[in-house]
Amino acid sequence: MHIQREQLEADVLIVGAGPAGLACALHLANLIKQHNRSGAKPELSAENVYVLEKGRDVGAHQLSGAILNPKALRELVPDFETSAPLDTPVTDSAALIFTEKSSYRIPITPPPFNNGGNYVISLNRLVKWMGGLVEAAGVNIFKEFAGAELIYEGNGIAGVITEDKGVDKNGKRKDNYTPGYELRAKITVLAEGPRGSLAKKLIGKQNLQNINPQTYGIGIKELWEVQPAKISPGYVAHTLGWPISTKMYGGGWIYALREQRVSIGLVIALEYQDPRFDPHAAFQTWKTHPFVRNLLEGGKLVRYGAKSLPYGGWYSTPRIYVDGGLIVGDSGSFLDSQRLKGIHLAMKSGILAAETIFEALKTGDTSVKTLKLYKQKIDNSYIKDELWKVRNFHQGFHAGLLDGFFHSAMQQITGGSGLIDPMRTHPGYQAYNQIHGRPAPERLKGDGKLTFDRLTDVYHSGTRHEEDQPCHLKVLEPSICGTRCAEEYGNPCQYFCPAAVYEMVKENAGLKLKINAANCVHCKTCDIADPYQIIDWTVPEGGGGPNYEGM
Amino acid sequence: MKILVVMEQRQGKWNNTSFETLVAAQPIAAAASGTITAVVLGKGVAALADEVAKKNTAEVLLVEHDLLENYTPDAYCVALKQVVEAAKADLVLFPHTYQVRDFAPKLAASLGKGMVGDCVGFRSEGGKLVFVRQMFQGKTAADVTFTGTGPWFASFQSGAFRADLLSAHPSGKAPVNSVRVDLKPEDIRTKPLERFKEAKSVVDLTQAPLIVAIGRGIKAPENIPQAEALAKAIGGEIAASRPICDEGWLPMERQIGSSGQTVAPKLYLALGISGAIQHVVGMKGARTIVAVNKDENAPIFEIADYGVVADIFELIPALTEELQKAKG
Amino acid sequence: MNIIVCIKQVPAKDAPLAIAGNWIKESDIGFEMNEPDSYALEEALRLKEKHGGEVAALSFGPERVKQTIKEALAKGADRGIHIADDNFAQLDPLGTATVLAAAIGKEKFDLLLTGLQSDDHGFGQTGVLLAALLNLAHATIIMQIDVQDGKMKLKRELEAGWFQWIECPLPAVLSIQSGINKVRYATLKGIMAAKKKEIAAVTRQSLGVAIALTQKIEKIYVPTKTKKTEFLTGTPKEMAAKLVEKLKFEARVI
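Protein chains in written order, with my numbering: chain C, 27 to 577; chain L, 1181 to 1508; chain E, 15 to 268.
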């Protein structure tokens, strides 16, 4: 059925109001202002720059530990130290080894974990603030609007179609049905974060992949209010060891903010072998370690969230420019997996994209001829400097922690090349071992005070969706679920989803997949980790998803 | 303190919550050394006034007028203003009905005074009258006091007090005094037309005083009719936790919880509901919570006033039968 | 038809509440349009579509409520009025209505619409008080509005599944029942157009209005459950009987 869509035209369309997208918007608006002030032609307008944000507010879907390296923010907003909502400077960086009963602080904190000069922040608050600057500069930020489909044109893209609103769960139009817009733009910037749904399709369609596929981790976070004097603001710790086996890649974090708030969490690479491993349960278990338990004693859970992160690094960076389009931020793989830092690289990529777009707008050429400038700028910037050094870092851990440390040491003394350069990798979902009839593990119930089951945690993510809408999680071959997947892998979706979206329920003599789409926290883990790659995460109606206030 | 209790009737039939308000007035009168006067408005309602006079009230004011036969906010306000002033009332109480919501604030404003509506309780603290009402959809309670001089106006939520606790008049009957009010047709701007009954297309669970809610324990849609029968027997609305509505077994308007309705009814009967936090936040403001679940460790019991550890399929029919017995 | 809609901005329904005295801590929570008011706004927009005219969105509160006014403008309201006041949450129903009436008093309108009540204070009196202060006809819990020849026929909800039609003159104040319509989405074009629409700014001082509170919220608190859970025992039949007895005589809810 052909849908009549209203058309809108913009100069620049940025999909995603995260640090990359907003840095792009802000820098571009600044360039335009200077340009117009100087009387140069053609005259440009920041009002022709549109930003789409699928969350209910700017910042609603922003989740990170987070520790910010301020170098990119300094470029964007020189007086950031007085104006940005930075929670506290890092005062103490610790690297801890956990065993089941004890913890050991490595006497000299290894350089990747040394965060002197950085800030502990709430990414949600930082992005909200950035959004305010972007809007003050005249750029339009449309909240509760998602990019649902790309408009393809030739070898590139010409804009997006926003999601249809007011469709009921059976696909019928409700009274307030409002079809999505055909939003055309001279240049479209995909800034959707890790595993962006539009970026994924573009990369697939135009074969933009690099020599390595992207690999991902999942980060699960809780924000707590703890008893006074438990911890000092600015204390940051990264933990290795228990309860993560040495065969797996992952670790915990503890970042102390002001006002007795603590950000804690666990990151785990989504390339583990046990298909029924439960990252959320591992995180809850990690909290029972005496060090963490003591910290959280008498405290209160404030908020919960989860998000995937791109671990692939430099060799997983897709081609980041096409005719009429650019990819920035996590979707472009700009994350330093060794230091666990991506915010400043996301911002820098946004800044460089803005410079490129500015050139394209001035000359009128929005094809790859001009847009490839973006890639050149990335290569000449500290983005490449930083990522090049760790280009083989994550791949080194493929066989486990000890191997990884060895390779990492080799890479340190060889400027990143190590013993094998480039070190190849496989997509994480290919790592699963089949279950061969092994019984399913018992699920974590949580004690309700220190540890929580997923449903209770999801409640604290503030997630809500319009109930009466089609399921946004498209399973391309649902017949596999109750049969092949149940037999081979025991339905990992029930385990890897940190929001209890997927459930296998008994139906007649077999199993059926039940999807509780309303719980979805938009982490994209399912799209990444499903062994058959039949789960396609698509955007739900705008406004839905988590509400990561203060996260 | 002179306390007026405005009774509500329509076409000769009581809105029974009026008697709850008379009950509410008793401790207030005791605390403030006051007297209670019931007010009955309408046309041809002398018999109703006589009925109230037999209850524990010092006096009944019968306010009759042609233009009070059918309720209009203008007529009620014009009439009651005169009654309140003539009676030199200090406190005017109402049951919190749809009708009272429609005119009582205006009545108070016409005297330059304020109204504290939908109270669920009251207490006397250090000589002050403290009215308790709900805020944030029942998530919190609020203590409210009046400032300035009276008359003060307040309404009580249905079920906050118990009508059957109303004692009879100590000496048989209170005096019924007729009050003349000046009321002209040009005082009344709206014209009420016919009343009619209609199956509501949109159910508003937030207004339902009694709710019977089902959860996953109901297992299959075929089992829902027996829960509906129970709801009918109790005179309440059927509702459900999210999974039931997700499956389409009940329409989404019946969903209670963080992604559905938040309710604070007099009674919430949770059948086969585990008590996940998403559901509990939608109903924990209910005055009385009864939970039925065969798992004695179900979190729902933490917030229940009454717990029944049983198979819901055994309890529902038994409960329905008992309720029908109690009615008939 | 010129319509004014009173819209309140309230803490987001799912915001965790941190109580501070007689209000809540406003940091780190989101705010949104009071849901009952969104139905009133939708009704106003539909009436405008049918009868022409203009819709003005009026809101009272701190700077942040402008966001909600903008949302109304994005949905189709023509202009906004912001009564700026940081202390809004402390006003009682009559005080609020008095200020609103002062702002409205200078306007020409056919209809003044409000939602039934707010999700935070829940006083449920604003519409009726406005009618009293502006000396206008009013009706509440309105499900349907039919306008013909300068008069209205209104469908009003009564208790227990009953309804009633009433005739009402214009101008009038109506409190709209929730859920009577499907609220529209703000469109991209609407959001952009909203940027150019006027939001008039007034204050209590500029309106020259003085108020005296008639009531005071002393404190708010989470009601503590004083009763422990009473588990009934016996066979299902016995427990059912005991339960009915308890509900009738102890809890007195049936």
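FYI, nobody ran anything at the bench for these hints, they're computed from the structure. Quantities reported herein were computed from a predicted structural model and do not represent experimental measurements. Where a beta carbon is used, it is the ideal one built from N, C-alpha and C, also for glycine. Warning: the hint list may mix true and false statements.
Straight-line C-alpha distance at most 20 Å; calculated DMTMM-like pairs for lysine to aspartate or glutamate [to be verified]: (1) L:Lys1474 - E:Glu173; (2) E:Lys209 - C:Asp494; (3) E:Lys203 - C:Asp494; (4) E:Lys242 - L:Asp1475; (5) E:Lys196 - C:Asp494; (6) L:Lys1507 - E:Glu252; (7) C:Lys200 - E:Asp42; (8) C:Lys471 - L:Glu1427; (9) E:Lys210 - C:Asp494; (10) C:Lys169 - E:Glu244; (11) C:Lys471 - L:Glu1433; (12) C:Lys195 - L:Asp1475; (13) L:Lys1474 - E:Glu244; (14) L:Lys1371 - E:Glu49; (15) E:Lys209 - C:Asp37; (16) C:Lys198 - L:Asp1475.
If you only want the chain L side, here are some residues facing chain E, beta carbon under 7 Å, derived [as the list claims (entries may be wrong)]: (17) Ala1321; (18) Asp1323; (19) Arg1396; (20) Ala1400; (21) Gly1487; (22) Glu1494; (23) Leu1499.
Cross-check of the supplied hints:
no., hint, in the structure
1, L:Lys1474 - E:Glu173, "violated (36 Å)"
2, E:Lys209 - C:Asp494, "violated (30 Å)"
3, E:Lys203 - C:Asp494, "violated (25 Å)"
4, E:Lys242 - L:Asp1475, "holds (18 Å)"
5, E:Lys196 - C:Asp494, "holds (12 Å)"
6, L:Lys1507 - E:Glu252, "holds (18 Å)"
7, C:Lys200 - E:Asp42, "violated (34 Å)"
8, C:Lys471 - L:Glu1427, "violated (24 Å)"
9, E:Lys210 - C:Asp494, "violated (33 Å)"
10, C:Lys169 - E:Glu244, "violated (48 Å)"
11, C:Lys471 - L:Glu1433, "violated (30 Å)"
12, C:Lys195 - L:Asp1475, "violated (32 Å)"
13, L:Lys1474 - E:Glu244, "holds (15 Å)"
14, L:Lys1371 - E:Glu49, "violated (29 Å)"
15, E:Lys209 - C:Asp37, "holds (19 Å)"
16, C:Lys198 - L:Asp1475, "violated (39 Å)"
17, Ala1321, "holds (5 Å)"
18, Asp1323, "holds (4 Å)"
19, Arg1396, "violated (20 Å)"
20, Ala1400, "violated (20 Å)"
21, Gly1487, "holds (4 Å)"
22, Glu1494, "holds (4 Å)"
23, Leu1499, "holds (4 Å)"
When each numbered hint is compared with the structure, violations occur for hints 1, 2, 3, 7, 8, 9, 10, 11, 12, 14, 16, 19, 20.
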